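For the record, the sequence lines run as chains A and B. Everything in the first sequence is counted per the working numbering, starting at 1 for the first residue and increasing by one. Everything in the second sequence is counted per the working numbering, starting at 1001 for the first residue and increasing by one.
Simulated from the structure, these hints should not be mistaken for lab results. Be a bit skeptical, because a hint or two may be false.
[Claimed, not checked] Here are the simulated DSS-like pairs of lysine-lysine, each with C-alpha atoms no more than 25 Å apart in a straight line:
#1 B/Lys1469 / B/Lys1418
#2 B/Lys1418 / A/Lys211
#3 A/Lys142 / B/Lys1348
#4 A/Lys175 / B/Lys1348
#5 B/Lys1418 / A/Lys174
[Stated by the list, open to error] Sample of chain A residues lacking proximity to chain B, with all beta carbon distances greater than 10 Å (derived):
#6 Glu35
#7 His155
#8 Ser156
#9 Ala184
#10 Met194
#11 Glu277
Since the structure is predicted, the reported quantities are computational estimates derived from the model, not experimental observations. Idealized CB from N, CA, C, for every residue including glycine.
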Amino acid sequence: MKVGFYPGCSMKGGAREYQESVSALAKVFDIELVEIPDWNCCGATAAHNLNKELSLSLPARIMALAEREGIKDIVVPCAACYNRLSVTQHELAADPALCSKVASLIELKYEGTTQILNIIQFIDKYITDRLEEKVVKPFNYKTACYYGCLLVRPHSILKFDRVEDPQSMDTLVKKAGGDAIDWAFKTECCGAGMSVSRTDTVARLSGNIMKDAADRAAEVIVVACPMCHSNLDMRRPEINKFLNEKIDIPVLYISQVLGLAVGLDAKTLGLNRHMTEVNLPEKPVKEAAVTDAPKKVVPTQKLEA
Amino acid sequence: MSRIGVFVCHCGENISATVNCEKVAKITGELKGVEFSTDYKYMCSDPGQTLLKEAIKEHKLDGVVVAACSPRMHEPTFRKACAEAGLNPFLCEMSNIREHCSWVHPKDDLTTEKAEDLVRVMVEKVKKNKALKSIKVPVTKTALVIGGGIAGIQAALDIANCGHKVIMVEKLPSIGGHMSQLSETFPTLDCSQCILTPRMVEIAQHPNITLHTYSEVESVDGFIGNFKIKIRKKSKSLDEHLCTGCGLCTTKCPQKKIPNEFERGLGFRPAIYVPFPQAVPNKPVIDRENCTYYIKGKCKVCEIVCPTKAIRFDQEDEVIEVEAGAIVMATGFDVLKSDYFPEYGFGKYKDVIDGLQFERLASASGPTQGEIRRPSDGQVPKKIVFVACAGSRDPAKGIEYCSKICCMYTAKHAMLYKHKVHDGTPYVFYMDIRAGGKMYEEFVRRTIVEDGTHYVRGRVSTIYEKNGKLIVKGADTLMGGIPIEIEADMVVLATAGVANKGAEELAQTVHISYDSYKFFAEAHPKLKPVETNTAGIFLAGACQAPKDIPESVAAASGAAVKVAALFSNDELTRDPLVAVVNRQAAPVYSACVGCFLCQSVCPYQAIEREEIKSRSGEIIKTLARVNEGLCQGCGTCVALCRTKAIDIHGYSNQQVYTEIMALLND
């Protein structure tokens, strides 16, 4: 199986371990990731604040290049890139005049036929069916799934998961044998691009997220976005200073969690590249967390006139 | 040669702003067969109608075309005027040059030309119109009221007190509806049960009212004045005549932990139960889904303890057929389900409840005997946050309307809470306070000023649990949108009022229309608020849109008057625009060959078989015949008839072809 792969800037820099783990995971499931040749920047947060045509042309060129290669599905692991590509596809589909203008700007034929998949959609489409049979080392840790902002918003365009209380990553973690905990900061802001300009804001916002995860005894935080990762992981010293306590919960990508579950080793998955040391205690398999504990009967509300 | 009159209406400026009415009158006046034409500012006004009548007499008109608005509004007006001038009313037609022309096109010569076309088409049709006589049908003076909440109760009592029979159908084991769940009612704080239960008893005792509880309407056939309704009486597993309502069975039932629907899940009930102490009828039903006997095949404790041997485990549902002349829909509303608000933890955190659950907590007959205690641990909450507009006015969630009752009941909740927990602090998050109504605004002021409720203008973004507290995060938009966090002990969501589950199916069963929110649709938003588009079916209460008690009662009385007016005559007059089967002289008798394809497609069961017999009684031919009382003139049979033996009065094939030809020959 061949699937198009758009790395974006982060996979080649700060989030190398994300690409390494996605590639390793794909290999386990016999999926060939084809990097889109001559890809460019998606425009990120900068372009659409400055120039609408530019902000649409950059992602459109990426998709046009993929179309030229005959690629049907593009997996975009970075949540921001995923958002930009999806929004561009949506806006160009709604406005044919704009679409032809953009096509002339990028000097490529653009049809909008590729399907843009975020990392979870990619896993769901190509891996989930075969996941449970491949799990050799259940990831039996109390896991807080952190979705951030761009993975599920805006819902009207992405139509992905529940916007206020997403569940897709929780479901995957459970399938990998993990205990996805119920917590309150799944979609709260991490501070995003303020990381450099207002590190104090990031420390506060990401600190609140870390604090809630710690209060609920999470052993791991799982993310699907390099920006979230860098704020929760790289800014840990500032976070701990803000909270005035030492929280050492590691932050893993969802691809790393699944990779561990299917038996890949830490080095292949790039776990050594995180700032906050990943030091998960060995747990005997038989102690595997009960994922779907029978719930107490809660009175239902079904009165009808 | 026809002598047709054309009357072009300006409709104030509604038509004349884009259509040159004088020109339309002038051009169409030159058409063949048109004897007279004119234009007038308001044809529907008294002088307008007089103009019409005078013209009919003066010019001896034998056909009339009024070019004005949609026939839905004023066709009866002009047909009546024609009749008064001695012209058969069915020789009068309307040409819709407002909705079909002036409102949808700009001022332009083409617009005027289109209006001319529309009038010309109708002139050609009228030439083929025949004088018809209205059909008289008898009226069954019994009303069916669907739903036994306050709206249904009010409508049923009003109709019954006019001397007419009423059949009431209620889905649940008791009548009373949502009102029976409420604690006290705004703005006077009288006890809901105290004002409701006397009326419930009156329903049970009224000689004109037949009550079917635990029953549902299965099908509705027929038409205004003559509906035939099938009612499924669900098995109560009980002989109601033997049961004395002593309640012994309900105390001995070993199943005691079934979530109580009446208490909104805040309490429990047994498998054989009476929903609440004041229930009407005050006799139990067995909930077969949860009864040990029906699950495991043994138990029968209720049967053993019953002193009158009234339990019937093998009782089956019974389907009865009734006839009614009118139907009142009073099926009420529901509130949003818990999975609607994952961000508010509704359904996840026990202490996040909805408004109806708070009503039960505040009710003297509720699970806490009226003490405000939170569901999780029974503690008295010291800080409560009320969230108004939970779901309502939120396009992102698909509910764009205002649920209307929440501002008032939220103010009432905060007030009741302060009356019961003096040292408690209530917060209300709101968007706007909509307190339009008699003594409503004053009531809200009292909550704020006298009872010290903190009103915060802003929305709540998320609610989560932390160390046994509910953290409510929101914004105060009057303070510049500053973020607010409140550590609350309990949260009450004023969840949006929505259409009942099954409203859509019921609307289809009784053949009425509904809006995009599945609320039943009224015939006209202003002038026909309690009528539906289906003649003889009326609306009462919150099945139409969220309504408070006074509004529901007013609508119910309105619907009752409509029913009483309908029942004031022994016969109904109907338009004769029905299908008719062609008849000819012997030996052909009819173009009909008796295939009865029409019978199989008629949605109103209006096609009958007619046998033509010789003098010796031998059947010569079997033909289709249309029952004029049942036929609604839909035309399905006409389209299907392979020998073109059926036609519709007023819309014959010939008339429709003439209209088309009039356009093509232009």
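Each hint tested on the structure:
1. B/Lys1469 / B/Lys1418: Given that 25 Å is the threshold and the Cα spacing comes to 20 Å, the pair holds.
2. B/Lys1418 / A/Lys211: Roughly 35 Å between the alpha carbons, so the hint for B/Lys1418 and A/Lys211 is violated.
3. A/Lys142 / B/Lys1348: This hinted pair holds, its Cα atoms lying about 19 Å apart.
4. A/Lys175 / B/Lys1348: Satisfied, since the Cα-Cα distance of roughly 22 Å is no more than 25 Å.
5. B/Lys1418 / A/Lys174: 45 Å, violated
6. Glu35: 37 Å, holds
7. His155: The claim breaks: A/His155 does not keep its Cβ more than 10 Å from every Cβ of chain B (closest is about 8 Å).
8. Ser156: 8 Å, violated
9. Ala184: Violated, since 3 Å does not exceed 10 Å.
10. Met194: 16 Å, holds
11. Glu277: 28 Å, holds
Hints 2, 5, 7, 8, 9 from the earlier list are contradicted by this structure; the remaining hints agree with it.
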